[in-house]
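Chains as they are written, first to last, in the working numbering: chain A, 1 to 337; chain B, 1001 to 1424.
Hints are computed from structural coordinates only; laboratory data are not their basis.
Don't take every hint at face value.
Unchecked claim - The following residues of chain B were derived to be distant from chain A, with all beta-carbon distances above 12 Å:
(1) THR1038
(2) ARG1064
(3) LEU1072
(4) THR1078
(5) ALA1115
(6) GLN1119
(7) ARG1150
(8) LEU1223
(9) TYR1248
(10) GLN1252
(11) PRO1254
(12) ARG1363
(13) HIS1365
Unchecked claim - Okay, derived cross-link-like pairs now, BS3-like style, lysine-lysine, Cα gap no bigger than 30 Å in a straight line:
(14) LYS1249(B) with LYS200(A)
(15) LYS184(A) with LYS1216(B)
(16) LYS1249(B) with LYS184(A)
(17) LYS200(A) with LYS1101(B)
Said to hold, decoys possible - If you want the footprint, here are the derived chain B segments under chain A, 3+ residues with CB under 8 Å:
(18) 1083-1096
(19) 1265-1271
(20) 1366-1376
We put the beta carbon where it would ideally sit given N, CA and C, even for glycine.
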Amino acid sequence: MTARDTDWDGVRLHVVTGKGGTGKTTVAAALALALAHSGRRVLLIEAEGRQGIARLFDRPPLPYEERKIAIGPGEASDGRDPGGDVYALAIDPEGALLDYLHMFYGMRSAGVALTRLGMVDFATTIAPGLSDVLVTGKATEATRRRQPGSASGFAYDAVVLDAPPTGRIGRFLNVSAEVSGLAKVGPIRSHADTVANVIKSPQTAVHFVCTLEEMPVQETLDGIADIRAVPGMQVGGIFINMARPALLSQQDLKAPPDLAAMSEALHAAGLHDPGSLAAALTAELGEHARRVELADRERTELEAAGQPIYELPLIAEGIDLAALHRLAAELRDQEAA
Amino acid sequence: MSPYQENTANPRLDIDRIIDDRRTRIIVTCGSGGVGKTTTAAAIGLRAAERGRQVCVLTVDPARRLAQSMGLTSLDNTPRLVDGVDDEAGGSLHAMMLDMKRTFDEIVEAHADPARAAQILANPFYQSLSSSFAGTQEYMAMEKLGQLRRSNEWDLIVVDTPPSRSALDFLDAPERLGRFLDGRLIRLLTAPVKAGRPFGRVLNAGLSVMTGTLTKLLGAQVLRDAQTFVTAFDTMFGGFRERADATYKLLQAPGTSFLVVATPEPDALREASYFVERLDEERMPLAGLILNRVHDRIGTGPAGAESARRGAVAGRLSAARSLAAAETLEAASNGGTDTASSAGTVSSNTVSSNYVVAAAALRLHAERMNLGERERRVAGSFISTHPAVPVIEVPALPEDVHDLAGLRRIGEAFVVGFHDGSRP
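Only chain A is shown next, with the shape it has when bound in the complex:
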């Protein structure tokens, strides 16, 4: 166990949501890596079958099976930290249904027969609430799973769920409400209630991934309001992704750069045609200043939500394994994990 405090020490199920295009899967993967330190075991679950996790970790498509996908680096400065393990699981409704039947009823062949009859189409088409329960059910099962002999007593010290996008997250997580319309009593209802007991407890937090642009910020604030409206559900952190660092102080950004001075400096740096270049770079600088100003405005809006905010830099070269580790280190430095 780590001696270091983090913002989410009591949380074992980290649900990660975000508007499409904000890098939700990347942040979920980086968070899983960051949580995998001090010998901890972390399970990273993909809920929407796009195989984004396999691609991020440069692996072939993941089957419906928990398998080790990466080793957490631990604290780089602390030689005693052995790091931890990240396991990954890609959930699809069909696999989750078979798993559910097997685990709770010991019915594997009946499950296969039901699948052939179109039971999965039934769950996903006629009653999407049911398929959500199966997916969240698997995530909460992994969270609750005991393992005698492990330090915490649990099979996984943390589970990170790469969840559906922000627009759908409230409905996705509020399974008991979704299902109660369909099933007032019976096995599905009691399964949904078990799931809800984990999701609506302090051991679950819903994190939001966002970029500093208007629409993602608005959706994040709406999503936070949705989660807060459900008693027992806990909003986690706001992860600002693809943040571009401000290269100059506020003051320098506000003052329009002096063209002659810029030209002189570029000349001093040995650049060709410094006059034209100065004009071009000054225009770029002006654009940058405007972008920083807009980003600051969006950041202020996010701050008003009153949740911890973490910032992850834009990695212009694209996300590979090295970049994931870099983002994970950022998350640890900012005490998100």
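Based on these hints, arrange chain B on the given structure of chain A.
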């Protein structure tokens, strides 16, 4: 022309030609989530209206501000006239937000007698199906599109597809619903009603095992509700299937244009790629790809413009060269500060601060060049796989759209393609 298109044979996507062609009756924008489908649909709708078309934009899940920019305040399933559209060319713009549940309710009411309709509408399975997000939304968007098209009130309908996890979902959803309603599970659930035929006994032995399993799984009440729903739904299903088929055919017709929208990101372009191939398989008419929110605008402005000249100058300064110059200036400015403090002169302080600003500008430029290079690489792989697909690139705008003026600017960008971002 953009840097991506210079090196390839991809034709340029000509949006004005599509919207000016009176034979174009439906434009569908599709792509993965977060690429700007809805904004694109709205901008195309506005541009078409101002060029003289009678346009209806059907939007599925607009951001609040975008909806407000078109004067949509509520989700009322009725096309509303958008104010502030330039009608000099004789066009008009209507816009509506899809109300998925209401659309579904209307189909039920149209296809079942009142008593049965009431029974279906009250069934918990129907309520879950008709208000849930996945699948139904796709189906209802297509249904509404069919309705609007048949009404013949508009000569151009622009529709954006639902924010599916996958760009292909909306093509598959009606089919999936149909397959399900046609499937064996349905026959199983409705079996007790049809018992007593020859071989019924043998079949029913197997069925009752399955029914038993289902009861155990779902509970008796859920199974009963599902059976009631399916039985009631079964009677109106013929009409349902027919409508889905009709809409599907409409999408294959020559008057339809599919525009695939993507950002220069690997995930978005992968989806776009699947979509292009899928449309081809389904023989649906693809008009081209809108590559949205492209950051690299260096040296790509309209010819002759001052901004383009500036861009061309900047474009010749590579990231590596720019970073090296930044380092030179930073080193000089650190050295300069030392000299300045010892000499106590104001002028070298100023020089030093000028160097800092110039170095920052150079670093910023290097970052831009790198980002542009990455976007070019990512887009290049799409373009080389689909050399025949017309492409247009639209620059990233710093701010989201709040009003018609913003939509109009995006519409202009479709035509100009790449223009300098310093334009307001």
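To see whether the hints hold, each was checked on the structure:
Residue placement check: THR1038(B) does not keep its beta carbon more than 12 Å from all beta carbons of chain A (closest about 10 Å). Listed as outside the interface, ARG1064(B) is inconsistent with that label: its C-beta sits roughly 7 Å from the nearest C-beta of chain A, within the 12 Å cut-off. Taking the minimum C-beta to C-beta distance to chain A, about 16 Å, the non-interface status of LEU1072(B) holds against the 12 Å cut. Distance check on THR1078(B): its Cβ is at least 23 Å (rounded) from any Cβ of chain A, clearing the 12 Å threshold; non-interface status holds.
Residue-level check passed: ALA1115(B) sits 22 Å from the nearest beta carbon of chain A, beyond 12 Å. Residue-level check passed: GLN1119(B) sits 16 Å from the nearest beta carbon of chain A, beyond 12 Å. Listed as outside the interface, ARG1150(B) is consistent with that label: its C-beta sits roughly 26 Å from the nearest C-beta of chain A, beyond the 12 Å cut-off. Not every beta carbon of chain A lies more than 12 Å from that of LEU1223(B), the smallest distance being close to 9 Å; the non-interface claim is violated.
Against chain A, the non-interface label of TYR1248(B) holds: every CB pair exceeds 12 Å, the least being about 17 Å. Every beta carbon of chain A lies more than 12 Å from that of GLN1252(B), the smallest distance being close to 23 Å; the non-interface claim holds. With a minimum CB-CB distance of about 31 Å to chain A, PRO1254(B) clears the 12 Å threshold, and the non-interface call stands. Distance to chain A contradicts ARG1363(B) as a non-interface residue, since its nearest Cβ pair spans about 6 Å, not more than 12 Å.
The Cβ of HIS1365(B) does not lie farther than 12 Å from every Cβ of chain A; its closest approach is about 6 Å, which violates its non-interface assignment. As the CA atoms of LYS1249(B) and LYS200(A) are separated by approximately 46 Å, the hinted pair breaks the 30 Å bound. For the hint linking LYS184(A) to LYS1216(B), the alpha-carbon distance of about 15 Å falls within 30 Å, and the restraint holds. Taken as a hint, the LYS1249(B) and LYS184(A) pair is broken in the structure, with Cα atoms around 41 Å apart against an allowance of 30 Å.
With a CA separation close to 28 Å, the supplied pair LYS200(A) and LYS1101(B) stays within the 30 Å bound. A count of 0 residues in the region 1083-1096 of chain B with a Cβ less than 8 Å from any Cβ of chain A is obtained; the coverage claim is therefore unmet, three being the minimum. Counting residues of the region 1265-1271 of chain B whose CB lies closer than 8 Å to any CB of chain A gives 4, so the stated coverage by that chain holds, three being the minimum. By the rule of at least three residues with a Cβ nearer than 8 Å to a Cβ of chain A, the coverage given for the region 1366-1376 of chain B holds, with 5 such residues.
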